[in-house]
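Combine the two chains into a complex, taking the hints into account.
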Amino acid sequence: MAVSPENQDKGELSLTVNGRLRSVQVHPMARLLDVLRHELHLTGAKEGCGEGECGSCSVLVNGELVNSCLVPVLQVEGARITTIEGLAEGPELSALQKAFLECGGAQCGICTPGMILSASHLLTKNPNPSMDDIREGLAGNLCRCTGYMQILEAVARASCRGPGA
Amino acid sequence: MRCDPADYHLIAPGKLEAVVSLLANEPGQWLPIAGGTDVMVQFAAGRLASRKLVSIWNLPEMQGVETLPDEIRIGAGSTYSELRGQVVIASEFPLLTSAARWTGGIANQNRGTLGGNIVNASPAADSLPVLLAYEAELVLVSLRGKRRVPYLGFHTGYKTMLLERDELVQTICLRRGFSGYVHYARKVGARNAQAISKVCMAALGRLRGGVIEDVRIALGSVAPVPLRLTELERVLQGKPVEPKLVAQAREMAAAAIEPIDDIRSTAKYRSAVASNLVGEFLEQLRDKGNAA
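Chains as they are written, first to last, in our numbering: chain V, 3 to 167; chain B, -6 to 285.
Hints may contain errors.
[Unchecked claim] Derived list of chain B stretches under chain V, where covered just means 3 residues or more per stretch with a C-beta under 8 Å from a C-beta of chain V:
1. 0 to 8
2. 95 to 107
[What the hints assert, rightly or not] Straight-line C-alpha distance at most 25 Å; calculated PhoX-like pairs for lysine-lysine:
3. B:281 - B:232
4. B:139 - B:152
5. B:45 - V:12
6. B:261 - B:232
7. B:8 - V:12
8. V:100 - V:127
Note that these hints are calculated values from the structure, not bench results.
As the structure is a prediction and not an experimental result, all values here were calculated from the model.
All C-beta atoms, glycine included, are put in the ideal place defined by N, C-alpha and C.
Just chain B, with the same shape it has in the complex (with noise of 0.2 Å):
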């Protein structure tokens, strides 16, 4: 270990309230730390910035999964392990159960929360892409009060993102009413247990008389942020799963991504694997989008 506890302050003030005012009365001088599954790699490798942190480990005002009619109401302290017990959560929204499933082997899904894989902001944690193609929506919390934000457009660069710097995210909020979809999840890494991925990916779409009337595709690590592939659904919408068009979406995603050349991976095999996960997609849209 390079670093020294003694150099660190961390408190555990056990109430939303209170860890909200110290945000408040000393802006951008505290670390919020939950379960630590980043935090603390950064704190042993002597890299961590920050010397006071505030646990948000087991706050009850983050914590639990709410059903209401229209969306579920995730608490961010959830952890993964969490989130795939959840039965509404793996029946309505299997991406997230899937990205859960691929976080890490146990003990880190046992600690590693969905709140704090948001403000990571690593572009190639599993999870993100999936919130994209949910269209979740943040509650961000802060002593001024609530609000509520569109997770898409939340990362503004690489692990840059619009929270301030007395806010938490509190509650992450997807709508339900995903039944007749077809929902496309696919991990690439070195291997199957404990990588990061190469490239990540999760979409959803459904067939209408036998044209696409919605889709969403995002993929994580290939851009300085999880990235949702507008311009590519718009082309989409409204028309057959045909050859040619599945040949432009692969040339379109390729097109739309910045991969780079990191210890994982290259920028190369990484738009390759873009395009062909793309196009895995819309075959499995195309062969089970009408059954709904």
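Chain V on its own, in the form it takes in the complex (with noise of 0.2 Å):
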């Protein structure tokens, strides 16, 4: 992207957004959250806190776990972003979304997409998690509404399924 410090103009930038090259102009400075929910129109992401600290943001950048808040669009230019819109296959739910929905895992919905991505970050590090290694990869992920018990239960039953959860 060429962007001179006299010019604070948007730039041509591209970037593969779950499986699909997209093209956007953008500001360098814009937070990945806010390119992915106005620009590309994915709404999945939610903004919670906005300082990294409740996790409503989350997606995956080249298979890596973070806090789209906290990116700025520059840094991922050419990078591979996974959003929640790109787990399904087709109208097939995976293994994570399934469980999630059969645990009663989501009630507001706004911490859920932030959680699958850290879960499904999880069991492609450690596909046999403990409960503890569970509570550990969901740590940066803050849900008002659940009391924790049914995104664990969830994502322990997605992890007993096998790889591709």
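This is how it looks when you write it as structure tokens:
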């Protein structure tokens, strides 16, 4: 992206979002969260705290979990981004999404996309997590409805169903 | 969000030389941004004074951990997740592994960097007492060249440090050879996950012939800077760990710190906890310190 220091104009930048190459006209300091929501109309990632405490804006960048509210978009130029919209295969929900439904892991739904992305990241790195591993993997995601137990149970259930969760 | 990204410049030159040239040519004008876990919080809150930012995220010259016979060299751009995954750190510098695990949740550990934590200079950062305990040295780089400085004394006051305006922290060096030591790390916060410390402590020690041969004690969140208790260490040196000495150490620790009341805790509580942690460490040193 060619942006001179004297120039505050938007620049063109490409990134692969949920497997699809996308090109956006953005300010380099725009937050990845805002680019996803406002430019690409992917509103699954939510803004909770806006300061990296609540995890509701969690997405994957090249497979790594990040808080998209803390990522200037220039730093993810050319990267692969996965949001909650990218987990289901057509109408078929992912194993984690199904487990969240079955276990009552979602209530108001604000934290759910972030919870599921954190859980997906955890299960990719550690397919057979202990309950402590699950708690640690989701420790950066706050929920004010469920009391967490249903969420932890959903992740454990998805992990029992093997890879691809 | 209380700011407009249109008001800010961000560039990513991609090479260290280009970044230090920029810092040299326009000193004080450009704010380096690595993983953004501190800078982007200030940005979104509308409190980021600097309008020009230069990305140092993923700069190859600031990545990776190099293991040499006598020391390890940690690229300042290493994230906490990367530090947690390093076997040499887990086996020889376990206090750093603990601090990395305690710093934020996984998403922040994937972006927060050790160099970033040093220059952000929060007195509550969990990794900084660890660097004091291991007597880290920092390699600072600028267009003028490199210089190596001890981390002890790097912070001169609240968020002030011995870093020139054209310099970056490039590498953190830790001398090897702590295998015979008792390693102690403890974080006291409101909850286990994501909490910023009310008090944190990192300490190392070794006994020989029943007396303390070497000891380092460092505390966070109890003063404007991460604090090493050198006076106390001198008093402990060469003595057996006896109840009277522990009592004296607890008093000296409380006297050495300058805790404050803030949103996370009170000066009184911090003082009591700091004393307790020093006492707990010395008891562990007494019980385990002769094993090596």
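Status of each hint after checking the structure:
{"no.": "1", "hint": "0 to 8", "result": "holds (count 6)"}
{"no.": "2", "hint": "95 to 107", "result": "holds (count 7)"}
{"no.": "3", "hint": "B:281 - B:232", "result": "16 Å, holds"}
{"no.": "4", "hint": "B:139 - B:152", "result": "22 Å, holds"}
{"no.": "5", "hint": "B:45 - V:12", "result": "15 Å, holds"}
{"no.": "6", "hint": "B:261 - B:232", "result": "29 Å, violated"}
{"no.": "7", "hint": "B:8 - V:12", "result": "23 Å, holds"}
{"no.": "8", "hint": "V:100 - V:127", "result": "20 Å, holds"}
Hint compliance for this structure: hint 6 alone is broken.
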